Amino acid sequence: MTTDTIDLTVMYAAHDAFRRDLGRLAGAAADGTASSPQVRAGWDNFKHQLHIHHTAEDSDLWPRVERGAAGRPRDVALLAAMEAEHAGLAALLAAVDTALRDRSAELLSCVGALAAALDDHLTHEEDSALPLVQEVLTPADWGAFTGRIREAQGLRGAALFVPWIVDGAPAADRTRFLGALPPPVRVLNRLFWEAGYRRRGLWRA
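Residue 93 in the working numbering is what sits at position 93 of the sequence shown, and the numbering runs on without skipping anything.
FYI, nobody ran anything at the bench for these hints, they're computed from the structure.
Note that the structure is a prediction, hence the values are computed from the model and not measured.
C-beta: ideal position from N, C-alpha, C; glycine also.
One should not assume that every hint holds.
Said to hold, decoys possible - Keeping only pairs whose Cα atoms sit at most 20 angstroms apart, straight-line, the calculated DMTMM-like set for lysine to aspartate or glutamate is:
no. : residue 1 : residue 2
1   : 47        : 75
2   : 47        : 127
3   : 47        : 120
4   : 47        : 16
5   : 47        : 119
6   : 47        : 7
7   : 47        : 102
8   : 47        : 83
Stated by the list, open to error - Just the calculated beta-carbon pair ranges, DEER-fashion:
no. : residue 1 : residue 2 : range
9   : 30        : 154       : 21 to 27 angstroms
10  : 106       : 152       : 17 to 23 angstroms
11  : 135       : 101       : 39 to 45 angstroms
12  : 4         : 32        : 25 to 31 angstroms
13  : 201       : 51        : 40 to 46 angstroms
14  : 32        : 71        : 51 to 57 angstroms
15  : 74        : 200       : 19 to 25 angstroms
Whenever a hint applies, use it, and build me the whole structure from the sequences.
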């Protein structure tokens, strides 16, 4: 059992951004603007970010936690549930894709089903899996996991990820997230990345 605290700021900020984006998609579905290029670009980025997030958890984070929780069947079962919940979201994501493509009247209900399932998963993770992470992993373990995400993103991906996270975030949440990043990343975000992100106009119908 580790006594060192792991900084989960970026993890919680990513969860908030996923919830926020599905709220934006639901709003676009309700007001008839979901077929606009900016909304579609926002949806494509949401899927990309979610894929990176869940792939890194399944390939790197949960195996590390499972090793730390060896001999504890309930905790091992929890990690299996995390992976199963990830897999269960695939059909809901596909249903939204289909409804967007077909401009279906079912889009809003499809988005609602995805949002509910994703929120249930994220809440389960926050309430059960992340406390287990804090218990059995070291900061070095966590750093190896976040390093995997950084590798998957690359510099170009980071230039989108960082301003995407803080897009529309309350001031306190924005400050907390940016404060968890290395100073050079904060400088790049302030001088270049946020302006580039604004030019993309994601979710702006």
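For each hint, the structure was consulted:
1. 47 x 75: Answer violated: residue 47 to residue 75 is near 28 angstroms, above 20 angstroms.
2. 47 x 127: Judged against 20 angstroms, a Cα distance of about 24 angstroms means the pair is violated.
3. 47 x 120: holds, 17 angstroms
4. 47 x 16: holds, 15 angstroms
5. 47 x 119: Answer holds: residue 47 to residue 119 is near 15 angstroms, not above 20 angstroms.
6. 47 x 7: violated, 25 angstroms
7. 47 x 102: holds, 18 angstroms
8. 47 x 83: Distance ~17 angstroms between residue 47 and residue 83 Cα, so the pair holds.
9. 30 x 154: 21 to 27 angstroms: violated, 35 angstroms
10. 106 x 152: 17 to 23 angstroms: Hint violated: Cβ distance 32 angstroms, outside 17 to 23 angstroms.
11. 135 x 101: 39 to 45 angstroms: holds, 44 angstroms
12. 4 x 32: 25 to 31 angstroms: violated, 50 angstroms
13. 201 x 51: 40 to 46 angstroms: For residue 201 and residue 51 the Cβ distance comes to about 22 angstroms; the hint is violated.
14. 32 x 71: 51 to 57 angstroms: holds, 55 angstroms
15. 74 x 200: 19 to 25 angstroms: Given about 44 angstroms between the Cβ atoms, the range is violated.
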